[in-house]
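Asker: Each chain, written out:
There are 2 protein chains.
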Amino acid sequence: MRTTVFTIALVALPGIAFADPLPSWNEGDAKSAIIAFVDGVTDPGADTYVTPEDRIAVFDNDGTLWTEQPAYFQLLYAVDVLREKAAADPSTLTSDILQAANDGDMEGMLANGNEGLIEIINISHAGITPEDFKASAYEWLTTATHPSTGKTYASMIYQPMLELLSYLRDEDFKTYIVSGGGIDFIRAIADDAYGIPPWQVVGSEGDTSYAVSDDGTPTVTKNGGLTFVDDKEGKPVGIMSHIGQRPIFAGGNSDGDFQMIEWTTAGDGPRFGLLIHHTDAEREFAYDREGHIGTLNRGLDEGPDRGWVIVDMAQDWEQVWPDGE
Amino acid sequence: MRTTVFTIALVALPGIAFADPLPSWNEGDAKSAIIAFVDGVTDPGADTYVTPEDRIAVFDNDGTLWTEQPAYFQLLYAVDVLREKAAADPSTLTSDILQAANDGDMEGMLANGNEGLIEIINISHAGITPEDFKASAYEWLTTATHPSTGKTYASMIYQPMLELLSYLRDEDFKTYIVSGGGIDFIRAIADDAYGIPPWQVVGSEGDTSYAVSDDGTPTVTKNGGLTFVDDKEGKPVGIMSHIGQRPIFAGGNSDGDFQMIEWTTAGDGPRFGLLIHHTDAEREFAYDREGHIGTLNRGLDEGPDRGWVIVDMAQDWEQVWPDGE
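Those protein sequences? They're chains A and B, same order as listed. Each residue of the first sequence is one higher than the one before, starting from 1 at the first, in our numbering. Each residue of the second sequence is one higher than the one before, starting from 1 at the first, in our numbering.
Hints were generated in silico from the structure; no laboratory data involved. Treat the hints with care, since some could be wrong.
To be verified - Computed cross-link-like contacts, DMTMM-like style, restricted to lysine to aspartate or glutamate with a CA-CA straight-line distance of at most 25 Å: (1) A/K174 x A/E53; (2) A/K174 x B/D54; (3) B/K174 x A/E53; (4) B/K174 x A/D172; (5) A/K232 x B/D215; (6) A/K232 x B/E131; (7) B/K174 x A/D170; (8) A/K134 x B/D54; (9) A/K232 x A/D215; (10) B/K232 x A/E131; (11) A/K151 x A/D323; (12) A/K174 x B/D172; (13) B/K232 x A/D215; (14) A/K174 x A/E233; (15) B/K134 x A/E53; (16) A/K174 x B/D192; (17) B/K232 x B/D305; (18) A/K232 x A/D312.
Said to hold, decoys possible - A short, non-exhaustive set of chain B residues, derived as facing chain A with CB atoms under 10 Å: (19) E84; (20) V201; (21) T295.
As the structure is a prediction and not an experimental result, all values here were calculated from the model. A virtual CB, placed ideally from N, CA and C, is assigned to each residue, including glycine.
Please model the entire structure based on the sequences and the hints provided.
Answerer: Below, the structure is given as structure tokens:
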């Protein structure tokens, strides 16, 4: 009789008691650590319990929630728009930097450092409303294709991270993106791609202004430039500006995320720091200590001693992208 | 028989069908307009229906959700902290402006314009973590008392606006504060006072930085100054930075809120603009076109033609503060 009741419970409650919340994560230390942390902060009887209002989780975007190679998707978008504008009107190319971008000459694009990159980005990101910009970015992200995979950029989000975001939200976490990328570029796709609404996206920002046209139409306009850099020391600052309290869970993949994870995990009570280590040359890309994108040195050197969980993409992820590859 | 069933329904469902969502609002045009708007955007069968994710409502704070006379509470707090510090250490008073603030000399405090006010504010708002600042502001707001009412500042929130915030949230709106006041000062009390969490507060911001101490403790610190002014043209900009989309409902009380309401009500579909007119010298304060705080000219001149609802505090509010006066 006891066995029968137990069997009925097993059949009746599969979604509650037995579903794997992270099916694309292989069994291992990373998956176990995530589940143990979530179990601990959501168990009202445990010392590690955290009330739902304090369950804030923050994630970097490039290299953490989607691919960032061979270059940040936002820069690839900016160059595509620049080329399109230059094809229609060659006088768009007012400088050597813009000419280099049009020619696909990476060395020339980088010749003037960040100032040159901002010049390139301003071609698509300035003199436009956030709404029109987001529509343009959304169109590009869902139709343009990645040079090596042939997939749309929007489909190169990581399936295991989608599951982690959903799992945390199911357990009453609020999930935020805290990215060095532009806030409006990410907002263009965040709701569709990750289920994250615009007000839960923190990112770098440019100058923005409000004006009323002669016919009385009020408009907010992106003027370009860079007024806030949401990277490195900027990430905790951006979090305090937009969220107003310290998260308990932070995930990233590069040393640009170091301070965000450092600050998150230094708080009282249970904390979780996660670093995605790009080890998977076969299915995605393998890179860490060198290169111009997603450099990860301090995180690899200090993360383990700080108790941060390093995800080995090749070993810990059963699947990379949602389409099964 | 029919009558009996109807009577039972009346008794069984009083909270659903018959409760007044705005009991402290007197019957009149303002109350009717609010309820008609909310009914319209929440009725799935109506042309005016708005999906819950677009139900964003924004409210100014000083003079809209709580009292702002005889001066912004944040300035009164800054002067109180300055006096306390000067009493303990007179060398705090390094300038004529700070001396004037200590002496309660309003003319002297304003002698250097905004720069002088920032100097005064920096005494309490700089060199402190947001957490410690909020704890100090909370303590002051809940214990210090207003010069003319004798009430704590935290209790001078408007009962009719608390009901409006709750009513909107019950109807699946997200309610935000968008204030010219400092973001951390409002966050200190917003959850307790209004049920608004820190991530739904937009305000003016000062310089903030991240650093790690010699013993390895990471800290976010408020450095003072003013890096973003969330007033007038700044309000739509602050909204786009923090929320990322245009609200459908905006409430304010001064010309500092004009652009926020103008921009909100210029969007497509149903929109609501609300201005609180301080007409109640007996119960609160009466002021509009003149003075240094909460000046309201353009809103009174143009608001009605724009379809904005002007709330006459003396006439439309049955009660001002939660304690019944």
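Asker: Taking each numbered hint in turn, which are not upheld by the structure, reported in ascending numerical order?
Answerer: Hint check: 9, 19, 21 fail, others pass.
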